[in-house]
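> Read off the chains here:
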Amino acid sequence: MKHRTALRKGLIASSTAAALVVLAACGSGSPSSNGTKSSGGPVHGGNLVFANPQDAQSMDESTVFDNNSIWIIEQITQPLYTVTSNGKGVQPWLATGYTESANHLTYTFTLRKGVKFSTGKVMTSADVKFSLEQTMAASAGWGYIDAAIKSVGDPSPSTVVVNLKYPWAPLLADLSLFANGIVPAGYGGKTAAQFYQAPVGTGPFKWDYWHKGQGLKLVKNPFYWQPGLPYLNSVTWTDVPSDNTRELQVKGGQAQIDQFPAWSTVSALKSTPGVDMDLFNSTETNYLAFNENVKPFQDVHVRRAISLAINRNALVNAVLFGNGKPANSLFPPQVPYYDSSTPGYQYNLTQAKQQMAASSVPHGFTTTILIPSGNDDYATIATIVQNELKPLGIKINVQTLDPNTANANFQSLKYDMSLTLWTMDIPDPDELATFGLDPKSGAKSFFTDYDNPTVIQDVHKAEQITTPSVRQSLYNVVQTDAAQDAFMAFLYYSPYPYVTTSNVHAFDVTPLGNYHMQDVWISK
Amino acid sequence: MGRMTFVIRRLLLLVPTAIGVTIIAFFMIHLIPGDPARTILGIHATPKAIAILHRQWGLNRPLASQYWLFMDRLLHGNLGQSLYYNVPVAHLVTSRLPATLWLICYAAVIAVVISVPLAMIAASRKDAVRDHIVRAVPLLGLGMPAFWLALILQTELAVRFRLFPVTGYGSGVVGHLHSMFLPSLVVAIALCPVVIRSLRASMLNVLGAEFVTTARAKGVGSLRLFVRHVLRNAVIPAVTVLGINIGFLIGGTLIVEQVFAVPGIGSLMINSIFQRDFPVVQAIALVFGVMVVLVNLLTDVAYAALDPRVRFDR
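Here the protein sequences line up with chains F and V, keeping their order. Numbered per my numbering, the first sequence spans residues 1 to 524. Numbered per my numbering, the second sequence spans residues 1 to 314.
If you're looking for bench data, these hints aren't it; they were derived computationally from the structure.
Simulated crosslink set (DSS-like; lysine-lysine; CA at most 30 Å straight-line):
| no. | chain 1 | residue 1 | chain 2 | residue 2 |
| --- | --- | --- | --- | --- |
| 1 | F | K414 | V | K48 |
| 2 | F | K150 | V | K48 |
| 3 | F | K440 | V | K48 |
| 4 | F | K165 | F | K461 |
| 5 | V | K48 | F | K129 |
| 6 | V | K48 | F | K165 |
Produce the entire structure from the sequences given, and follow the hints as far as they go.
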């Protein structure tokens, strides 16, 4: 008996190892296999999983600035107008149309009939008034986007009146921002904090759960106003920080969409069976910022020399593996009023040397470029810029700080040169122009302290003129002046890379980064 | 000293340890540059918006006052509110802790299951080929970067053969065993070499003892000899090694958590440091400190269970 017990104990160790493998491998089902492109029409059903590099931060639409949060919120709440698929205009959404007073100070919107919240409650003008007023009051959030609005009225359940302080050309674009999405009046009897733990809206999906750092799931809204939509039963956004892991998840069928795969993998993914690699037009523009509080960056010749010495094609090839375009303007091509003839400086070493010779530091100088740690793209750009400025006698030290500190130093103007980027929030250049060119806007001209009174005047003039051709002329001048001042070196325009499994259909991303998940379907 | 007195005394030592941890964690995270308000506001951070958030979070108060407030809340069982997620820190930590505990415990079990037979094989014939193989091959596990090994296992076992999910934590006990096998195996493979070497060395020592010679002379079979006489006596140093390594693993599983998207406390800690989410960093540092003390305590208690000769006052 004792001998048998000893033998049994002796076998435990080795057999447990095998048992663990078998038990683990036979566990909770195997992942589903990839589908293939179907030639049939849309079908209902299916649960789509996003693999996102970062978790959402907050669902409070009036205060959150994080894109991962914004793109989820847009599936829950909807504004009166929404961005068109080319990102250059708006189309009616919860409103069906509007009238404008002759003095351009009053806009009367007619609300779409039959729109209900995911609770089944009918949406009325009282909800719209409440929602807009909450965002207008968000002084640490998106309040500034509604700064031109004086008041909001709700004369009838299906009519909303927006009164402006002054004529405001970007009003419809501003109203299309997710932050102006409609929520139930009085937050449905909850406090704002309680409401945004599980927000309610009129969008195609409604709240299921959010396990922070793991995943956030939305399920189909049975009261959605677009007949027959959405197709999917649910959408889940999972938090997967590693590029490799996201790619493997899609290849392994554990996720259907990989948001932002590494640029180095784009080419291989284009020829990988079972997945589709999409590059969507975007408004992402990358810049090299100069701190004009630091010598010698007040000198326009220095800024121009640096701008001229950077080979943008080399950056596009090294960072984006050829999947982008050199930038010529502060504005990206997908923004209304972008001027393709803007004379943004391009690579020309001869002219760069001429500008340097005309500057206050003709023999060069030593400076630093600030980049956040862990950002391989920025590290590559910094190295290339470091080498390209050597012929001008400019010695660059790369200062790498942790992202939070780098961001704090950049925004406090404690840097010489730094890398930054912009993506549009609204289909109008006003937000970017004000942010980037008016040092009193709060962002200190993209944290460069660039201050050109003529440019500032034109930027604010363009806000209040509603005639498109006049706005175009003003923005052409603004883009030209900003380019000639070289307050930043405009580096490149980048697309949005997304990988989807081949059975995912109708997934489309606007140049602003928004996507409408109600149109997406998965073939069987 | 009795076992219970020993345990109570060690548990009381937790109090000054925890206070020390809170002081170090609080002041270190506040001393490094960076601002949670800027993280949340991003490029939209205006001085006005930053000031509003600072006032809302109490970050405009003197540092000592902020620490006092943190301790006051802690004594009332409140770990505060996450600045980034705007949810109670206790909820955030308790929702992420189980995944890390699963990872560590599962990895420890796998490490033991792999190490014990291999150490027995190696010690059974010192300097033989099998001894050299057992000593050399697991060292590869120590040298292999965790992210690389993880990638290989994911590509082969998850994507190619679809035996395991690429990532995740799973749900239910079977789901956890299934989903957490690959991440736990990666951790275990790094753990095995030190445990195997320690166990092998102890076994060789014990094999030279007189009682083993006596047992052999009495005709005890080699498997029985190893399991009943050698292993029990040799396991104590290995338990120490395992205990110390588990202590290191608490909070040190970050890379594995990231690669396998395991929603553990290590990745929460790193993200919270980057986001300057002060209350979360402070709470996790406290949890880590307490856990390390508890693991050491459990290791000490395990000695006595394995060897009745161990006295608690030594």
